[in-house]
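*Asks:* Residue numbers (numbering that gives the first Met the number 0), protein chains in the order written: chain A, 0 to 127; chain B, 0 to 378.
Hints may contain errors.
To be verified - Calculated pairs, SDA-like style, for lysine to any residue (alpha carbon to alpha carbon, straight line, at most 20 Å):
#1 B:Lys62 with B:Thr24
#2 B:Lys113 with A:Gly67
#3 B:Lys152 with A:Asp114
#4 B:Lys152 with A:Gly67
#5 B:Lys113 with A:Phe98
#6 B:Lys62 with A:Phe98
#7 B:Lys152 with B:Glu182
#8 B:Lys62 with B:Lys113
As the list claims (entries may be wrong) - So the derived list for chain B, only partly shown, Cβ under 7 Å to chain A, looks like this:
#9 Phe120
#10 Thr178
#11 Pro232
#12 Ala239
#13 Ala243
Claimed, not checked - Quick list of simulated restraints, FRET-style, between CB atoms:
#14 A:His45 with B:Asp101: 51 to 59 Å
#15 A:Cys39 with B:Glu122: 40 to 48 Å
#16 A:Pro14 with B:Asp20: 23 to 31 Å
#17 A:Glu119 with B:Gly268: 56 to 64 Å
#18 A:Leu102 with B:Glu122: 26 to 34 Å
#19 A:Ala2 with B:Gly268: 27 to 35 Å
#20 A:Thr1 with B:Val57: 24 to 32 Å
#21 B:Arg297 with A:Asp24: 29 to 37 Å
#22 A:His112 with B:Pro112: 21 to 29 Å
What the hints contain is simulated information worked out from the structure, not anything from laboratory work.
We put the CB at the ideal spot given by N, CA and C, even for glycine.
Residues per chain, in single letters:
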Amino acid sequence: MTARPVQDGLFASDPPALLGTRCDDCARHTFPRASICPYCGSEDVHDVSLSGAGVLWGWTTVTAAPPGYRGEVPFGFGIVELPEGVRVVTRLAVPDERFVEGLPVTMRVVPLHVDGDGVEVVTWEFAP
Amino acid sequence: MSGVRVEIAGVGIHPFGRFEDRSVTDLGITAVRAALAEAGVGRGGFQAAFCGTAYAGVAAGHKVLGALALTGVPIVDIEAGCASGGAALQLAAGAIRAGQYDCVLVFGMEKMPKGIIRSSFFEPWREEAGLAVTPAYFALRAQRLLREAELTKEDLARLVVKNRRQGVDNPNAMFRKETSVEEVLGSRNVCEPLHLFMLCSPNEGAAAVVLRRAGSGSGGVSLASAVLRSHLPGSVLGEATPLAGIDDADITPPSTLAAQDAYAEAGVGPDDVDVVECQDTDAARELLAWEELGFCDRGEQGMILDGGDFAMGGRMPVNPSGGLLSKGEPLGASGLGQVVEIVHQLRGEAGSRQVEGARVGLAHTVGRGANASVTILTG
Numbered sequence: 000m001t002a003r004p005v006q007d008g009l010f011a012s013d014p015p016a017l018l019g020t021r022c023d024d025c026a027r028h029t030f031p032r033a034s035i036c037p038y039c040g041s042e043d044v045h046d047v048s049l050s051g052a053g054v055l056w057g058w059t060t061v062t063a064a065p066p067g068y069r070g071e072v073p074f075g076f077g078i079v080e081l082p083e084g085v086r087v088v089t090r091l092a093v094p095d096e097r098f099v100e101g102l103p104v105t106m107r108v109v110p111l112h113v114d115g116d117g118v119e120v121v122t123w124e125f126a127p
Numbered sequence: 000m001s002g003v004r005v006e007i008a009g010v011g012i013h014p015f016g017r018f019e020d021r022s023v024t025d026l027g028i029t030a031v032r033a034a035l036a037e038a039g040v041g042r043g044g045f046q047a048a049f050c051g052t053a054y055a056g057v058a059a060g061h062k063v064l065g066a067l068a069l070t071g072v073p074i075v076d077i078e079a080g081c082a083s084g085g086a087a088l089q090l091a092a093g094a095i096r097a098g099q100y101d102c103v104l105v106f107g108m109e110k111m112p113k114g115i116i117r118s119s120f121f122e123p124w125r126e127e128a129g130l131a132v133t134p135a136y137f138a139l140r141a142q143r144l145l146r147e148a149e150l151t152k153e154d155l156a157r158l159v160v161k162n163r164r165q166g167v168d169n170p171n172a173m174f175r176k177e178t179s180v181e182e183v184l185g186s187r188n189v190c191e192p193l194h195l196f197m198l199c200s201p202n203e204g205a206a207a208v209v210l211r212r213a214g215s216g217s218g219g220v221s222l223a224s225a226v227l228r229s230h231l232p233g234s235v236l237g238e239a240t241p242l243a244g245i246d247d248a249d250i251t252p253p254s255t256l257a258a259q260d261a262y263a264e265a266g267v268g269p270d271d272v273d274v275v276e277c278q279d280t281d282a283a284r285e286l287l288a289w290e291e292l293g294f295c296d297r298g299e300q301g302m303i304l305d306g307g308d309f310a311m312g313g314r315m316p317v318n319p320s321g322g323l324l325s326k327g328e329p330l331g332a333s334g335l336g337q338v339v340e341i342v343h344q345l346r347g348e349a350g351s352r353q354v355e356g357a358r359v360g361l362a363h364t365v366g367r368g369a370n371a372s373v374t375i376l377t378g
């Protein structure tokens, strides 16, 4: 059985990319997709695929499963800055001593858990 | 600012902690009765009630006032995350200044489960994917502050030691035992750089304040300003917890927006403040609040910790109550709990944790929403 994303419309798998929006008025990017620019309120926006590579801006390790979480612990959690100027909140590979501000990271699609129907659920993360 | 002076007619508190045998309504009743008794106000004495709570459910305020046979007036529950109490207070103060009411009861209460706060704010997929981890957001904010203010994890621990020492003297606090830098750093690592003792505990409690239009001869503590603000868009690390943001160097945080308005309305500045109760959800949050509220610039926190300026005995004690790190955080009650503390300080009734000669006090909360409240009181 094929895997399903944790939520439709968030990311593409081939090549891995987050699905975002660019505002034609203020030229800023956001994620996830929005029909109104969350920064300036403009409705002149269009959908884009965001870059699959960026740099690390913030990172931590989640050591205990938070409420509602269905995957394994520990896992990395942080913020990646993409070339479009957008900072995205993301799952990360578990941080290690290589993790520093500005570390180049790339996106990949990874298994999260197997749901009650035996279907693999996938999400995205960034890793060095 | 209208010519109306709003004064604090009475305050009441139910201790913050865990009370398995008491409902949230019970907690609210205790605080409300205490505040009304102190104000000398009973049925017919107040024209409206605002109740701050995030988790108490439908008509939570009605249940408290119903149990006390005090219904009939408008009762409105207010949810503004950690700032719910501050939000209730600013609505009440505004209504009095506008001439709508002469006396308003404001209270807040909460009964929260242990551990990470689960919030309906997050869509289920975000919880499922591990992108709704509140302390992990705190950790990222802390990491950035350490980086940009040249602070260390030891500095975070020193902040905890300060507040826990101050909480020893507060009978309404949950943790009343001093701790050490070694003990804080030795506690479980929750999300690097934050250890368990650097995070406040969601818990249970209630607080109440009776606001009154001041008459010509009355001399109680004045509510100089009560302001609520939300966030401006774009800050990925803000309490709005978005999934994306932009360079936030020029985005004013909601706590600063609220503080600027509160100072202007009260006619005072940060240098005039004698005592502060501020949001210390985690150790870094307080250090960030110092700069957001105008008490220091980014990078000065380490020097201030060294000098003890914002500790008891310093020039402007912050969180003499012990802060949320000592008291725990019952969301709807936490902001009004701060106001109760400041009122005791300005009346000179704070006992062994009294800040001598305190005339101007400031209470600050910031959290989910984002919502930030700043309340300035003068003695």
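*Asks:* Compare the structure with each hint and give your call.
*Replies:* Status of each hint after checking the structure:
no., hint, verdict
1, B:Lys62 with B:Thr24, "holds (6 Å)"
2, B:Lys113 with A:Gly67, "holds (15 Å)"
3, B:Lys152 with A:Asp114, "violated (39 Å)"
4, B:Lys152 with A:Gly67, "violated (29 Å)"
5, B:Lys113 with A:Phe98, "violated (32 Å)"
6, B:Lys62 with A:Phe98, "violated (52 Å)"
7, B:Lys152 with B:Glu182, "holds (13 Å)"
8, B:Lys62 with B:Lys113, "violated (24 Å)"
9, Phe120, "violated (12 Å)"
10, Thr178, "violated (21 Å)"
11, Pro232, "holds (5 Å)"
12, Ala239, "violated (10 Å)"
13, Ala243, "holds (4 Å)"
14, A:His45 with B:Asp101: 51 to 59 Å, "holds (55 Å)"
15, A:Cys39 with B:Glu122: 40 to 48 Å, "violated (24 Å)"
16, A:Pro14 with B:Asp20: 23 to 31 Å, "violated (58 Å)"
17, A:Glu119 with B:Gly268: 56 to 64 Å, "holds (58 Å)"
18, A:Leu102 with B:Glu122: 26 to 34 Å, "holds (29 Å)"
19, A:Ala2 with B:Gly268: 27 to 35 Å, "violated (58 Å)"
20, A:Thr1 with B:Val57: 24 to 32 Å, "violated (43 Å)"
21, B:Arg297 with A:Asp24: 29 to 37 Å, "holds (31 Å)"
22, A:His112 with B:Pro112: 21 to 29 Å, "holds (24 Å)"
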